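Asks: As given, the protein sequences belong to chains A and B, one line each in that order.
For the first sequence, counting from 1, position 4 maps to 404 in the numbering used here; every step adds exactly one.
For the second sequence, counting from 1, position 11 maps to 67 in the numbering used here; every step adds exactly one.
Warning: the hint list may mix true and false statements.
Said to hold, decoys possible - Mimicking EDC-like on lysine to aspartate or glutamate, the simulated pairs with C-alpha atoms at most 16 Å apart in a straight line are:
id, chain 1, residue 1, chain 2, residue 2
1, A, K403, A, E431
2, A, K403, B, E100
3, A, K452, A, E466
4, A, K469, A, E431
5, A, K499, A, E455
6, B, K134, B, E70
7, A, K499, B, E159
8, A, K499, B, D113
9, B, K124, B, D112
10, B, K134, B, E159
11, A, K499, B, D112
12, B, K134, B, E67
13, B, K134, B, E74
14, A, K403, A, E414
15, A, K499, B, E100
Said to hold, decoys possible - In silico negatives: residues of chain A with every beta carbon more than 12 Å from chain B:
id, residue
16, M410
17, D411
18, A417
19, I447
20, P476
21, H477
22, D482
Hints in this document: simulated from the structure, not taken from any laboratory.
Computed from a predicted model, the values in this text were never measured in an experiment.
Idealized CB from N, CA, C, for every residue including glycine.
Given next are the chains, with one letter for each unit.
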Amino acid sequence: DAKTTQPPSMDCAEGRAANLPCNHSTISGNEYVYWYRQIHSQGPQYIIHGLKNNETNEMASLIITEDRKSSTLILPHATLRDTAVYYCIVRAVEFGNEKLTFGTGTRLTIIP
Amino acid sequence: DAGVIQSPRHEVTEMGQEVTLRCKPISGHNSLFWYRQTMMRGLELLIYFNNNVPIDDSGMPEDRFSAKMPNASFSTLKIQPSEPRDSAVYFCASRQRGVGRTEAFFGQGTRLTVV
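So that you can see chain B by itself, here it is in the shape it has in the complex:
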């Protein structure tokens, strides 16, 4: 398996523009997580899905952020409109739910710069 695949790897956009980040989880995994990492705040959990259903979105900073998971093999994180303070590295992770060994596998991240 190629692991968790995120695209694009880098994104530079102007303030006010819409940004869409994409994630393909590992096949067979049924939990998916979106994280954001900045120097100031570290790694923050934004939202996670179980079986394509959003379970906890309490980490989503505001209404400008939205996430969807239309099927088991694809998820998007959208920011509209984007602001400079959204600049960060965004990570997607997936995991196979279950008791016991349930480690999460992370993608390489998308580095977003909003100018």
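Next comes chain A alone, as it looks inside the complex:
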């Protein structure tokens, strides 16, 4: 699976949009971009994933560049409960390749 690079930490004001970047310059054509987050002391939680089109769900939006070498997770109106470590993971979705490998992630702190 391709490696990802994320900033170690970010701050965002409550109520503002939080934009979390992720670089995955070695991504392959069959690899998806997944985002998970881990709130303190809890298990990781799925947020969103995409292949090449931008995606949106009730939690967040995922913007993937046209060359797919980077992406941005957007939390449109950040709240204090969004304070967590956010993981960007690239993974080929195919039988026999089930691994979900976590990097160091970005520690997002929402400031009141």
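Got chain A sorted already, so can you dock chain B onto it with the hints?
Replies: Same frame as chain A, now just chain B:
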């Protein structure tokens, strides 16, 4: 569904003792994962199962660790004998295999302390 259920939530044991961690995956899920999390090493995949069969155990640190999945609704991770460096939070996750939306659901973890 109650989600992935892990037990116990906390375990304190003495060095040399056997420790067994338990996991009940979400009903209908056919992939199960065991992870370990420490401050130093982050989240590490230890082993995963597909349809109750171990597929990749390359993350298991050494022979003291073993995992089993006797049926689709239960898995154990055993450490024998335990050592202080095994102290960590152990997470179990399950997923429905398939192409497309296949997110993993994690349990609340078991915090293991070996003294």
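Asks: Against which earlier hints does the structure fall short, listed by number upward?
Replies: Numbers 5, 10, 14 and 19, in rising order.
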